[in-house]
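Protein chains in written order, with this note's numbering: chain A, 576 to 702; chain B, 6 to 302.
No wet-lab data here; the hints were simulated from the structure.
Fair warning: this is a prediction, and the values are worked out from it, not measured in the lab.
There's no promise every hint is true.
Here's a subset of chain A near chain B, in silico, CB distances under 10 Å, partners left out [as the list claims (entries may be wrong)]:
#: 1; residue: Ala603
#: 2; residue: Ile605
#: 3; residue: Thr607
#: 4; residue: Asn639
#: 5; residue: Thr652
#: 6; residue: Met679
Glycine included, every Cβ here is placed at the ideal spot set by N, Cα and C.
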Amino acid sequence: MEFRRVEESIFKALMIFSLLIVVGSLLAVIGTILWKGLPVLNIDMLTKTAQGGYYLGKGGGILNAIIGSVYLALGGTALAFLLSIGIAFYLQKEYSGGTRLSNMTRLSLDILWGLHLLYMEYSGSQY
Amino acid sequence: MNIRKLKDKISSRLMLAATLFACLLFFFILISLYSRASPILSVVPIPDLLFSSEWGPTAGKFGFLPFIMGTLWVTGLATIIAVPISLLSAIYLSEYAGNHLRDAVKPLIDLLAGIPSVVYGLWGVLAVVPFIKNTLAPALGAETIGGYGILAGGIVLSIMVFPIIISITGEVLRSVSQELREVSLSLGATKWQTIKHVVLRKARPGIFAAIVLGFSRAFGETMAVLMVVGNVPKIPSSVFDPAYPLPALIANTFGEMMSIPLYDSAILLAALMLLTVVLIFNILARMVLIKIERGVI
């Protein structure tokens with residue numbers, strides 16, 4: 576068998592192995608959380624707020640935490656929506672026209688956001 | 006002036022204001038961090054801060070070296086684990102896998118990206134840490150502190166980085182034109198030779214961007230790492246040692262023990278360091294990408 580065929584099959588096996596690791600780890604994460612979490616989940620947990628002695632295993636649930644998360648997410652999204660729509664339009668060519676301000680803003684947002692814009696710009700230029 | 010023009014003017018000014026705000030936000034954060042961190046910078050010389058490994062805030066000793074090394078070890082390990090696995094998976098998905106498999110795996114990877122980091126941390130504590138403690142460390146004859154350490158942090162982080170690198174690399178590989186592949190195959194190259202010499206060469210800048218993106222996610226990740234990494238302020242010497250990365254230091258100690266002089270300032274200095282590294286990294290990555298786009302590399 577030719578060397579290049581051997582090489583191909585080795586790499587193919589490695590690829591399948593990697594894919595199995597990725598999918599397997601996802602299933603492991605979800606599986607572990609469900610396995611440990613489902614037995615203690617009940618209606619009271621979701622519909623009652625924490626009561627005295629909650630952390631000692633007495634009554635109550637996590638409704639307060641759930642509502643808190645929802646409020647935070649709604650408020651944050653609403654605020655971000657208002658601001659970012661404006662910014663997104665302004666960064667278009669019609670307004671800022673690729674000026675220094677728009678470059679600075681992109682860099683600043685990149686840093687705040689951990690490079691996501693960098694990728695989006697790159698993929699934009701690719702297609 | 007007619008009302009249409011007025012509307013146009015007002016809306017463009019509003020958008021300008023929002024843009025300026027976003028632009029200044031970063032500088033505002035940088036300046037406020039610097040001003041809060043400056044007390045310690047004026048008392049302790051910078052080389053001492055960066056290269057001393059003595060951490061004793063009560064004794065006025067602020068050496069960040071253990072934390073910096075902890076960050077580097079965890080991030081480095083996560084990158085080493087994640088890059089080959091996710092690149093190979095991405096290549097398989099885009100080049101070899103049939104449509105069925107691709108359609109089945111893609112939502113799973115998106116799901117992986119959407120899981121909050123605390124959940125990853127919990128999973129690390131429930132699954133990875135006991136595995137290292139009971140199976141891996143005894144098999145390799147290594148000492149661990151109950152399984153908590155860099156290895157656990159690196160494994161959890163690398164799983165968090167998988168979806169980023171896989172999905173970006175997948176997009177980039179798909180953008181390589183089909184004709185290039187056909188030309189190479191028609192010359193008698195095998196599929197793997199085509200991938201190695203044609204597809205990957207064309208996709209290199211995009212893959213670079215994918216790795217940078219994954220690395221920067223790993224670098225600043227706090228919660229999941231904090232839960233499994235052991236949090237011992239000592240310079241690690243192997244992957245089984247516990248570490249104490251900078252984000253974990255900030256999350257664990259901010260707001261506590263602020264009566265100790267300079268403590269608050271030291272923590273904000275740690276935040277400033279993280280921000281500076283991300284800044285430098287961004288600028289470097291951007292420069293490389295600009296060069297690639299111009300065709301220099």
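We went through each hint and held it up to the structure:
1. At a threshold of 10 Å, the smallest CB-CB gap from Ala603(A) to chain B is about 6 Å, leaving the interface hint in force.
2. Nearest Cβ of chain B to the Cβ of Ile605(A): about 8 Å, under the 10 Å cut. The hint holds.
3. Interface restraint check for Thr607(A): the shortest CB-CB distance to chain B comes to about 5 Å, inside 10 Å, so the restraint holds.
4. At its closest, the beta carbon of Asn639(A) sits 17 Å from a beta carbon of chain B; the interface hint therefore is violated under the 10 Å criterion.
5. For Thr652(A), the interface hint is violated, the least distance from its beta-carbon to any beta-carbon of chain B being 15 Å, above 10 Å.
6. At its closest, the beta carbon of Met679(A) sits 5 Å from a beta carbon of chain B; the interface hint therefore holds under the 10 Å criterion.
Of the numbered hints stated above, those contradicted by the structure are hints 4, 5, listed in ascending order.
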